[in-house]
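J.: All chains should be built: construct the whole structure from the sequences, respecting the hints.
Those protein sequence lines, which keep their order, are chains A and B.
Note that the working numbering numbers the first sequence so that position 2 is 2, with each residue one more than the last.
Note that the working numbering numbers the second sequence so that position 271 is 271, with each residue one more than the last.
Just to be clear, a hint being listed does not mean it is correct.
Away from chain A, derived, C-beta distances all over 12 angstroms, residues of chain B [as the list claims (entries may be wrong)]:
| id | residue |
| --- | --- |
| 1 | 41 |
| 2 | 186 |
| 3 | 407 |
When the alpha-carbon atoms are kept at most 20 angstroms apart in a straight line, the in silico EDC-like pairs for lysine to aspartate or glutamate are as follows [claimed, not checked]:
| id | chain 1 | residue 1 | chain 2 | residue 2 |
| --- | --- | --- | --- | --- |
| 4 | A | 301 | A | 80 |
| 5 | A | 301 | B | 341 |
| 6 | A | 301 | A | 368 |
| 7 | A | 301 | A | 262 |
| 8 | A | 301 | A | 251 |
| 9 | A | 301 | B | 101 |
| 10 | A | 301 | B | 347 |
FYI, nobody ran anything at the bench for these hints, they're computed from the structure.
Quick reminder that beta carbons are idealized off the backbone N, C-alpha and C, glycines included.
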Amino acid sequence: MAADPLTLGLYARDASIIEGGCALVVLPSSADEVQACVQVAAREGLAIVPRGSGTGLAGGAVPLGDALVIVTSRMTRVLDVRPEDRLAWVEPGVLNQDLADAVRPHGFTFAPDPSSQQASTVGGNVATNAGGPHCLLHGVTSGHVLALDLVLADGARVRLGSEGPLAPGYDLRGVVVGSEGTLGIVTAVCVRLTPLAPVVSTCLLAFPDPLAAARCVAACIAQGLVAAAMECMDQASVRAVEQYVHAGYPEDAGAVLLVELEGLAAGVAHAVAELGTIAGAHGATSMRVAADEEERGQLWKGRKHALGAVALYAPHYYLHDCVVPRTRLPELLADVYRIAAEHRLLVVNMFHAGDGNLHPLFVFDRGEEGVLERVLTASQEILERCVAAGGVVSGEHGIGLEKRDFLPLLFSAADLGAQACVRQAFDPDGRMNPHKVLPAGARCGDFAMARGDGDLAAAVRSLPAGTWI
Amino acid sequence: MTPPAASVGGGLPPGARFAGGAVAGPPGWHAGDAPADRDLAQCVACGLCLPHCPTYRLTGLEVASPRGRIAAMRQVATGRRPLDRVFEQAMDLCLGCRACETACPSQVPFGRLLEGARAQAEPGRAAPARLARWIGLEGVLGHPPLLTGAATLASLARPVLPPRLRRLVPAGRLRRRPLAAVTEPSGPRRGTVAVLRGCIQDLWYRDVNRATVTVLARAGWRVVVPAGQVCCGALHAHYGHLDAARRLARRNHPVLAAADHVVANAAGCGAHLRSYGELIGADDLAARVRDLSVFLDEHGGPPLRHRIERRVAVHDACHLLHAQRVRDAPRRVLGAIPGVELVPLEEPGRCCGAAGLYNLLQPRMSAALGAARAESVDRSRAAIVAVGNPGCAMQIGAQLAARRSAVRVAHPAELLAAASRP
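T.: Listed below in structure tokens is the structure:
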């Protein structure tokens, strides 16, 4: 437990640029201790903010006011690995990479591989429904969580989902994955294990510009080429990354595409040839296939460290996370560069091209007068463009504090009201990670208002007894 | 269609703000060396360093992580927090292993930040701690006769020391026969190499120094051990006595700069000599300093005439792997010995907990790390663990002894000397 001002200050932020404050930090080492902490918070009426490694990019773990921060970094046990059932039980503080390392000797991996995987926790991955380059083939975290143990806001402990393929009743496991700690705090996760691919081939393609790379990606998908990952980096990202990893990324290319193909040897060889053909037709200037594991490792290290490497340009970043239909990628990319130029901002693009998941990254120095306002305005314009193009405002980082007020771009009041009712069912007092995910107005009362004729009294009377407004 | 329930992009709720802008007051640093604002700004707080930090791994505490330490420094630099005991303890718990630097995509110069922060913490320490550090660093380490005296005392007192300390003091008599000032090569001369004798290294591991001279001479170099060289000052710099470190560096600079090459066989000393450019502007010297393994890897080693049929594990000293970014050279040089089978250690690059004076100042954390390292050495089923730094050798040796392990600790120079006997 820590309550000294210096330590509390360190838990005031995550890897986003949003900062808050908290009253107390606890580091339980078991589910029993988590439960005890939650019970104390319930008695004292304290808000609870769950936190893993604090690598989140949307402010989901940023506490506000007098919150109690429950950190899972001491809950790092891999409880049970059962290769025959293709599952493992882990505590929430286990690092994603450590889990992958623990199951690799059995011939398996944990498929979600966010760029932060060496540092981010499985609990955090569950909270944000994390993605990652290889989610193109394997799907995001939700598809890899079979069951989880949860401590609710009142201290009750529940198990949601089941080890088997089908759990009867409501899929509350699915509701909790991606709920960013607003429904309870996860104390154990049963993850699905994915067999390691027999053959993996990593290809690095150079393009004259990111738009050409994006068109190539759309063409690959349209022609049925199934890749495990398709990652794009523009020239500014490549330059930042290369000076850190020295992996041989072509710094003169306008953009690079990192494509991973996996499967049986013959299938992979065929796919590599096909990729070469499609890429050639879309303006690729070179293609290199990693010769060995070390070269593969270096290329991926570059991609996964791109975020931190941009410190080469300026000390602060604001990383966006939005998704558009793949066919709209070239157009959206052009918009991103245009919007950045209009606001006199440096934007770096590295993204999960295969998923249409864009990560425009503004790099700036907060010391510069008015720069933050320009960044925020440009960010909003990008999000609005994404939604207009049929996309969504978050792909994998979560909503947190950063995006909650952008949800009305996507959802009606009724949509948000339905979500708020779920939240209220889990946490009637609103103490679990308050102010996160849903915008301030989205409550069941608003829902009733929106459905009725504007008559507040009538709307309230129409609600079931006990409904929180 | 119902209207949106909340305004779009309404900003942050009460209590939240955008980080990085607020300066609460003037910096809390006092005059003298301090973390530079530019270095602090280099950290984007991504958190990728966390799993690479040994103290974070053991505690799970943000304050025991590189990102947390930098945030603590920022709190002082922006006037939000004073330089107090909590800050001092946060800096003291750091090993200074610099594994975070290898992991950091933003290339934050963490070692430099830590030295500045420790220099700031120093004046605020309790009087006894300050005095002990002053006697140890500025008194004993800076003055060879006092150091010899202290080492002799430690050796004599070894039987009555508590077990933890006893294991750290190597057994056996201190070697009195000094190293030859000049050793001519066996064959045609390729050039002159100056060897940094070191302070602790020369007292307790003079055999290693002798082996270093022998190996270099057998590789065709004229080897000089310049008189007048003093402690390199690494420990002074790491523990916040930067002025003393500069004084020692200025004494060593002219003494060592005369040779074509300068070789260090202690990773910590080598890393620090290579930072003399930054410390006192001695770029000419810093650029010519090499760790023994790197030097032999670049220029070729001695003829290897004897087989060593052993499984050998290489423990990477942090100040070789992380501070000098050298991983392959010791493996290539040792792997060239006929019969040697190199075996990997689990958790490569993990600090053994010796970390200069850390094993004296933070015994609990140090012992936990040392025990884990010795366990991985044992599990590798190696017969020999090769270690290129005296602090690590003492620590791993002590922890292996505590486990009653049969694995022998050796410096790469000793193995190369044995394999290159005429």
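J.: Against each hint, give a clear statement of whether it holds in the structure.
T.: Checked hints:
1. Distance check on residue 41 of chain B: its Cβ comes as close as 4 angstroms (rounded) to a Cβ of chain A, failing to clear the 12 angstroms threshold; non-interface status is violated.
2. No Cβ of chain A approaches the Cβ of residue 186 of chain B within 12 angstroms, the least distance being about 38 angstroms, so the stated non-interface status holds.
3. A cut-off of 12 angstroms between C-beta atoms confirms that residue 407 of chain B is not in contact with chain A; the least separation is 24 angstroms.
4. Taking the CA atoms of residue 301 of chain A and residue 80 of chain A, the gap is near 29 angstroms; set against the 20 angstroms cutoff, the hint is violated.
5. Proximity of residue 301 of chain A to residue 341 of chain B is assessed by CA-CA distance (about 29 angstroms); at most 20 angstroms being required, the pair is judged violated.
6. Proposed proximity of residue 301 of chain A and residue 368 of chain A is contradicted: the alpha carbons are some 31 angstroms apart, above 20 angstroms.
7. Distance check on the hinted pair: residue 301 of chain A and residue 262 of chain A sit about 18 angstroms apart at the alpha-carbon level, within 20 angstroms; holds.
8. Restraint check for residue 301 of chain A and residue 251 of chain A: the C-alpha separation of about 16 angstroms stays at or below 20 angstroms, so the hint holds.
9. With a C-alpha separation of about 15 angstroms, the suggested pairing of residue 301 of chain A with residue 101 of chain B holds against the 20 angstroms cut-off.
10. At most 20 angstroms may separate the alpha-carbon atoms for a hinted pair to count; residue 301 of chain A and residue 347 of chain B meet this at roughly 18 angstroms.
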